[in-house]
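Asker: Below are the chains, spelled out letter by letter.
Number of protein chains: 4
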Amino acid sequence: MNTFGRIFRVSIFGESHGEEIGVVIDGVEPGIDLQESDFARDIDRRRSGAKGTTPRIEADEPHILSGVFEGHTTGAPLTIVFKNTNTRSQDYSKLIDVPRPGHADFTANVKYGGFQDPRGGGHFSGRLTLPLVAAGVVAKKILAETISEETNGHVQFRCNARLVEIGGIADETRWEAALDAAQKEGDSLGGIVECTVDGIPAGLGEPFWDSVESRLSHALFAIPGVRGVEFGDGFAAARMKGSEHNDCFTPDGIDGHEGLVTPATNHAGGINGGITNGNPLVFRVAFKPTSSIAKAQRTFDFAAGEMTELRVPGRHDICFALRTPVVVEAMAAIVLADLIDLA
Amino acid sequence: MNTFGRIFRVSIFGESHGEEIGVVIDGVEPGIDLQESDFARDIDRRRSGAKGTTPRIEADEPHILSGVFEGHTTGAPLTIVFKNTNTRSQDYSKLIDVPRPGHADFTANVKYGGFQDPRGGGHFSGRLTLPLVAAGVVAKKILAETISEETNGHVQFRCNARLVEIGGIADETRWEAALDAAQKEGDSLGGIVECTVDGIPAGLGEPFWDSVESRLSHALFAIPGVRGVEFGDGFAAARMKGSEHNDCFTPDGIDGHEGLVTPATNHAGGINGGITNGNPLVFRVAFKPTSSIAKAQRTFDFAAGEMTELRVPGRHDICFALRTPVVVEAMAAIVLADLIDLA
Amino acid sequence: MNTFGRIFRVSIFGESHGEEIGVVIDGVEPGIDLQESDFARDIDRRRSGAKGTTPRIEADEPHILSGVFEGHTTGAPLTIVFKNTNTRSQDYSKLIDVPRPGHADFTANVKYGGFQDPRGGGHFSGRLTLPLVAAGVVAKKILAETISEETNGHVQFRCNARLVEIGGIADETRWEAALDAAQKEGDSLGGIVECTVDGIPAGLGEPFWDSVESRLSHALFAIPGVRGVEFGDGFAAARMKGSEHNDCFTPDGIDGHEGLVTPATNHAGGINGGITNGNPLVFRVAFKPTSSIAKAQRTFDFAAGEMTELRVPGRHDICFALRTPVVVEAMAAIVLADLIDLA
Amino acid sequence: MNTFGRIFRVSIFGESHGEEIGVVIDGVEPGIDLQESDFARDIDRRRSGAKGTTPRIEADEPHILSGVFEGHTTGAPLTIVFKNTNTRSQDYSKLIDVPRPGHADFTANVKYGGFQDPRGGGHFSGRLTLPLVAAGVVAKKILAETISEETNGHVQFRCNARLVEIGGIADETRWEAALDAAQKEGDSLGGIVECTVDGIPAGLGEPFWDSVESRLSHALFAIPGVRGVEFGDGFAAARMKGSEHNDCFTPDGIDGHEGLVTPATNHAGGINGGITNGNPLVFRVAFKPTSSIAKAQRTFDFAAGEMTELRVPGRHDICFALRTPVVVEAMAAIVLADLIDLA
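Line order of the protein sequences matches chains B, X, S and E.
If you read the first sequence in numbering that gives the first Met the number 0, its first letter stands for residue 0, the second for the next number, and so on.
If you read the second sequence in numbering that gives the first Met the number 0, its first letter stands for residue 0, the second for the next number, and so on.
If you read the third sequence in numbering that gives the first Met the number 0, its first letter stands for residue 0, the second for the next number, and so on.
If you read the fourth sequence in numbering that gives the first Met the number 0, its first letter stands for residue 0, the second for the next number, and so on.
Note that these hints are calculated values from the structure, not bench results.
A few of these clues could be false.
The list makes no distinction among identical chains, and a pair is therefore deemed to hold if it is satisfied within one copy or across any two copies.
Stated by the list, open to error - Calculated cross-link-like contacts (lysine-lysine; reagent style DSS-like; alpha-carbon spacing at most 25 Å):
| # | residue 1 | residue 2 |
| --- | --- | --- |
| 1 | Lys240 | Lys183 |
| 2 | Lys82 | Lys183 |
| 3 | Lys140 | Lys294 |
| 4 | Lys294 | Lys240 |
| 5 | Lys140 | Lys93 |
| 6 | Lys93 | Lys50 |
| 7 | Lys294 | Lys82 |
| 8 | Lys50 | Lys240 |
| 9 | Lys183 | Lys140 |
Here the structure is a predicted model, which means the values were calculated and not measured.
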């Protein structure tokens, strides 16, 4: 379905080259101070323009259509829309004949029988992560206020995602060269995003189906281009011994949690038995390299019934993972705002 | 919540040391041939007794309580229960005072305020994967029948998960020695399970929230002890170039799909844009080492208010990942039976 | 929640005096011929202007924002919005001090703590039934096409709701006089709508929670101002004997169902055990009299802390039930489109 | 689906003549004092044996299978089962050939293709209201405790349903004679149940889809044999004027609410705009006459392909509505426990 969440519920709609894209958020409590300028910072982080991203820039101005009255949320569904301004008339019919490798052209065609909007990826477009970022801003506000209130201001919610690897390179000083090289080859790069969430109280989540990892991974794998999600030590945990991986308890806590008994280490990424343990949540998300590349690919032409050579035209991100940390944060916040509402 | 799925819906209940554990499955179509003996093979694969698993063995006999009449499903909720036979009276109060590192003792205590059933992990116990395996058997039946019917018997559903790594070792011939060494040290090992699902038609799943990866990862992270999930090339995809990772199309298909145009390679693990592309689904699941170890751990005693030394008593799996491939299959089948019902 | 349905899912958003109101419909299959003019007929039936309804008229022009490409649904979320044109700047703060009897002013204030948009009823406004009517048009299209396809054109879907009583008067020739009299007194009238749905196949619905009556009544009681819902003989059934109320089977069927064995009578309203039986669905919905009346009412002024006299200003429907038959049809179609998708 | 509720979620399973029937309740908070004897009073009210009900009596002993530890709920799924003791081996195949008028035999056969368990109504049986009554007991406990806590004991939750009409007769002194007469004729009677719920705080429910009336009617129409549901003045409201039906506010409140501003009258049944207004909830439920009658009915024999005469054998309730007040209460409590959890 197109909706996620039990209490704080997020639905997205729209197509890359349609008139508007947007998000409806249900379950937002009344009285939250909210205006269009609140979205600027996170939307800006998602915007292209930097090295390794497409030079094509959209205005990305949020417009609140419902759910806010005199600067505060009303408790009724909150609708935020964005106009699509940078759309071009192009011949997209070719995408149905020669589906782009790595894209959803082929699967969308199977699923929707040719009726999908093929322009710019339609409803599958990464552009739909823009309303998700907007929902993330609302979720972060709710989390920050709830956590501050419940702890009398002692604990602060912080959600920080950052790119820790591009094309297998962890050393940030070498990224620019790698991006330049990939661009020269007409190729693309992937990346890994790490996210840390501080201030989440112990006790959120459920055993089994609604484990925190289940809910977070559900949302994270909804981001286009994600290939893997891991928590705490992640895949490395499978290569550790119990005595190395177990987080023993100490009364020393960790940063900002002194005095509180918490796991002394954080191999589990802040979650035991599907439930938050008071430690920061830590997880990593693997993004594939951009599928659209200038380099020629041998692929099948369904109309001609034979193999053909395809170069995907247009200005693409060399490494779209560069634009995803704020999307990862948004997804984490959307999930956690729902879980904290349920607690 | 304790329920998963939209059409084929699975709820589990029970505690490790309670009277019975069980599963209620809603949305099972009528007329499926089902008897208690159908569960034997998969239940046997989950059973302990092999090298590296606990010598404590339970009967694990499924009992169908509702939803089957004269050997066929009726279409009404299907309830399957298992008696807990191998329970021991023990003093579990200590688990609340000195929560076992890596277990849910601490988080359950926070969440349920001391009212949780602490015996043997209560509702958090890995024992609850037994009814999940039972639900998986039903899901596999539905998938096998549906796929066979829809393809006039040309395509067969196959779901195969196997352990590909123990303690970081991929070479199966060296596993026994590694397990022996860990046991001698009073320590434990993790492992990685790889699952391949054949026969799934193209077109299942949805863009964004209900992507196939979202649904599968949601279910897989519900298995106790999972630290990571990746599809296709997974984390390695983040280190590849677009020209290496993209799956181009050819009319040659892959095994069993000759004549059909499909991706020639399977770097994406059978999914594009959240939707199955006709290739086999391929994913890997990282399991942490068993949390219960005989080796001494320094941890906190909440009652005494000081650090203490803990050795977790009892007979535990050295590597519980050994028993999980059939659980991974069950989760995959549960998700896919739901998605195929929605298609 | 603000969403209804399992497969065909309808969410509404907006406020009476906000910028736009709208609906997002998820689960619409691709390939349905749909354009803005398709909505005209049903929207027109909901429009005011006739005897007994408010003279205030809005443009009510639907605008499809997403989910349609080149005249057909794409399978992605379908969003339809309507501009609010006939809004007036007014002082609504009084509604919080002196809540209008029969309206949601008081309860909204309790629930949303004063943050609700009070203008024109905000999100509670009957104006929100406009996007519901739009969703009903889509649902009717799906039902008509599905039923026609599945019966090779032999059976036609028809959904007809009509007002059968105004102010307790069943004789339509006497309604005008009753409306005139109520208007003269500054008072208002209620009414009863009866709906008949033909062509629904036997077998839809579920025992217990998802009985057809449960789903229909859920949607019908979501219409503002509904006080009662009854199926078939309804409340009169409670005064009948089993031998009078039971529908025995005959091979003669009823209109349009000759040759088929169906219940010969339709005391049950087309449903047995929560499941459709092939007979037309028949149900009645009771609407209260319009709450806004010009006549003086004694009520409480929360600001002044004393009783006061209130006359609700503005041009109101004398009998808003006159405008509801198409809303009742929309709700029925929304429910049935979801149930037929599940079958 | 077989599950109802968002936070407090109730699933039922089982068949009339199967081994056990039961209920799984998810979302029960930990720490509620609960034992099997708590169910006795309400189960007893549902039991047959009184004038007008079947002389066939079952033990109806609840057995808590999971979710309770040392006398308190644990927060994990609560499972309660009941053995079916009074089942008889009978030839039920005839129900498929000659479906009983008014029963689900015909519709179940269409829906489940002959695989349904036909014995005693299978999963459609009124016997399934027994686990619903058990869920109602838990819901009532939650409501009583929550309301008492939140009002420091000033307000008490009370939920009282009673039969107000049998066979159209409101005068209770005449019921026995009516029941005797119906029995003599081999016929059956319907009835009307009225339910009043006190102590519910203002502010529960949502506009539109999750109005209190929507949720309550959804649950009430899930009870087998319900033909109508109305709130407050109900169908009579459609015959009133606005000035008669509107509930004006006074500071006098009503019984037990002195000092609080509430609607002075209760024509709306305690709900405005889908949200509780602090007044008692009042609603009525119409039950049809028992479908099984000894009297001969002309109906169709599908096997013989001709009309036949049917007398439904067995000992049936003359008026099953006599046993439903406690079921109506259970449904109300299930809905309200969920809504109060969401508030």
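Asker: Now, for every hint given, state plainly whether the structure supports it.
Answerer: Checked hints:
Within a single copy, Lys240 and Lys183 get their C-alpha atoms only as close as 44 Å, which misses the 25 Å cut-off; across copies the closest is 13 Å, which meets it. For the identical chains of this complex, Lys82 and Lys183 are neighbours neither inside a copy (33 Å) nor across copies (49 Å), given an alpha-carbon limit of 25 Å. Within a single copy, Lys140 and Lys294 get their C-alpha atoms no closer than 43 Å, and across copies no closer than 44 Å, so neither meets the 25 Å cut-off. Proximity of Lys294 to Lys240 under the C-alpha cut-off of 25 Å is restricted to the inter-copy arrangement: shortest distance 11 Å between copies versus 44 Å within a copy.
In this assembly of identical chains, Lys140 and Lys93 lie within 25 Å of each other by CA distance neither inside one copy nor across copies; the values are 43 Å within and 31 Å between. Taking the shortest Cα distances, Lys93 and Lys50 never come within 25 Å of each other, neither inside one copy (30 Å) nor across copies (56 Å). Taking the closest pair of Cα atoms, Lys294 and Lys82 never come within 25 Å of each other, the shortest separation being 32 Å inside a single copy and 47 Å across copies. In this assembly of identical chains, Lys50 and Lys240 lie within 25 Å of each other by CA distance solely across copies; the values are 17 Å between and 41 Å within a copy.
Proximity of Lys183 and Lys140 under a CA criterion of 25 Å is satisfied in neither setting, with 42 Å inside one chain copy and 51 Å between copies.
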